[in-house]
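All letters in the first sequence, in the order written, are residues 1 to 507 by the working numbering.
What the hints contain is simulated information worked out from the structure, not anything from laboratory work. Here the structure is a predicted model, which means the values were calculated and not measured. You may find that some hints are simply not true.
Using 30 Å as the maximum straight-line C-alpha spacing, the simulated BS3-like pairs for lysine-lysine come out as follows [unchecked claim]:
{"hint": "1", "residue 1": "Lys-273", "residue 2": "Lys-190"}
{"hint": "2", "residue 1": "Lys-167", "residue 2": "Lys-185"}
{"hint": "3", "residue 1": "Lys-190", "residue 2": "Lys-149"}
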Amino acid sequence: MVSLSTMTEPQRNDQELRRLEELHLLRSMGVDPYPTSFNKTHDAATILRDFSDDAPDALNTVHVAGRIMTVRRMGKASFWHIQDHSGRIQIYLKKDDLGEQYDSLKLYDIGDIIGVEGFVFRTRMGEISVHARTLTLLTKSLRPIPVAKEETDEQGNVTRYDAFADKELRYRRRYLDLIANPHIKDTFVKRARIISVMRRFFDERGWLEVETPILQPLYGGATARPFVTHHNALDVDLYLRIADELYLKRLIVGGFEGVYEISKNFRNEGMDKTHNPEYTALEIYVAYKDYVWMMDMTEECLNTVVREVVGTETVLFQDVELSFARPFRRAKMFDLYREHTGKDLRGLSREELLAAAKELHVGVDPKASAMKILDEIFSVLVQPHLIQPTFVTDYPVEMSPLAKAHPTEAGLVERFELFINGNEVANAFSELNDPIDQRERLEDQARIRADGDDEAMSVDEDFLQAIEVGMPPTAGLGIGIDRLVMLLTNNDSIRDVVFFPQMRPEH
RNA sequence: GAUCCCGUAGCUCAGCUGGUAGAGCAUUUGACUUUUAAUCAAAGGGUCUUGGGUUCGAGUCCCAACGGGGUCACCA
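I would like the entire structure built from these sequences, with the hints used as guidance.
See the structure below:
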């Protein structure tokens with residue numbers, strides 16, 4: 001039996017106890033179960049790509065490494081599959097080559113990580129494999145991993161049996177998910193590429209990537225409930241940022257003419273398929289530009305991202321084909337109301353809007369503000385129709401306390417939101433840089449807040465001082481990265497595009 | 001937060017109107033030197049999420065809690 005140490009030791013099941021015994025047996029045989037390195041020369045995928053039946057000796061010495069995923073023992077020969085970051089490759093192990101070590105192979109398990117030196121060949125059944133000359137244990141695994149069998153038919157279609165599918169376990173133990181369902185890595189690789197293409201797009205144009213505080217004494221730049229934390233040395237409460245907007249604008253005041261940040265934001269609200277308490281947003285601000293310019297830039301940026309990451313200008317999401325070909329549709333908000341409700345809602349009073357909502361069978365709280373009613377009608381009757389990328393422009397000023405008033409359209413601001421597949425993906429405006437107007441708008445917000453809406457913004461005096469120093473005309477844009485990734489990777493839950501989605505603690 | 005569904009072996013799942021647990025893979029032992037969801041033979045493995053209740057008897061029925069998923073509400 002294994003001597004259990006005095007350190008905290010979890011309950012072990014029979015399989016785990018057996019693996020511990022194997023570990024000790026291997027040690028007693030002089031095998032280091034956790035050596036420091038291995039000189040890996042080839043990825044599985046590289047071998048599968050480079051092997052040629054015309055020159056079978058070309059890959060005469062390869063060093064591969066990975067996790068044992070399948071074991072087929074046939075007496076004095078065995079076939080294993082190992083999995084590395086590029087895929088799987090079969091290893092052929094023969095007693096003739098490994099001698100005494102072959103007999104200790106029973107101490108190796110699915111889940112162990114090994115290194116193999118050998119030559120590449122094609123088996124009688126046609127599978128490109130590595131014929132092992134030497135085998136090295138690189139990491140002994142003490143816990144069984146989910147084993148999903150797969151069958152590949154003549155056409156190359158893969159059928160999975162007993163795939164590791166429990167969503168809770170997949171999210172809580174993402175490492176097991178990544179091992180057992182390696183295809184999900186594609187989503188995360190694409191996520192990284194989406195961000196890297198965007199970063200390059202901005203960098204090439206001379207805009208500076210910056211970092212601004214996550215811990216903020218006042219939260220602003222959006223309407224949302226924040227997380228609160230406490231700084232002991234200062235003995236003050238701080239908020240985890242809900243947006244970085246107000247800090248990026250301070251940098252524009254400071255003289256940078258283009259800044260962006262890929263920002264983890266935190267919102268203390270409900271969780272569902274499209275909301276995780278922490279999420280990633282891109283925000284970018286460019287001086288001397290307005291929202292029309294920003295629409296062009298957004299279009300070009302997203303078109304570039306889609307072409308580089310997906311390879312085409314169209315993306316299949318669920319059953320819908322989304323076209324990112326330029327130009328995207330542009331429509332004024334109140335024109336869309338007319339298009340989808342048959343009504344002109346512009347300039348209507350709260351009571352008139354309430355009546356309109358009733359006529360349109362949109363249920364709203366009778367006490368709701370005019371803006372809430374407009375918002376509700378939009379999300380019920382307009383938004384679901386915005387499937388192909390659509391810029392919705394010119395919002396009511398009350399909905400947009402940080403956006404610049406439209407010069408010719410009274411009551412509206414220079415703002416757009418980009419909708420794709422019925423969801424908001426981007427939000428942008430010509431930034432309000434009139435300090436008097438900005439102060440009034442924030443004071444309005446503060447009043448709404450005092451009336452009980454804890455999502456309304458507060459007056460950030462330091463921000464207002466910055467604007468009073470003078471911010472040049474500036475266009476700003478925010479893009480919800482997680483939702484963009486969902487669209488481009490055909491995932492309908494944010495939990496599938498975030499490695500470690502927020503979960504309730506177990507037990 | 002409201003509502004519906006789910007929680008059985010390491011994984012994927014059965015378990016009918018209540019009679020104290022089953023399969024496949026994984027694991028163990030044996031056979032097999034080009035197999036591939038390898039095959040063949042045998043074996044071990046479960047306080048049925050937790051706590052109450054009804055009952056002679058609960059995985060199964062009832063209540064509550066915990067965890068997950070879906071829908072709605074709030075929001076990006």
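Here's how the hints hold up against the structure:
| no. | hint | verdict |
| --- | --- | --- |
| 1 | Lys-273 x Lys-190 | 19 Å, holds |
| 2 | Lys-167 x Lys-185 | 16 Å, holds |
| 3 | Lys-190 x Lys-149 | 26 Å, holds |
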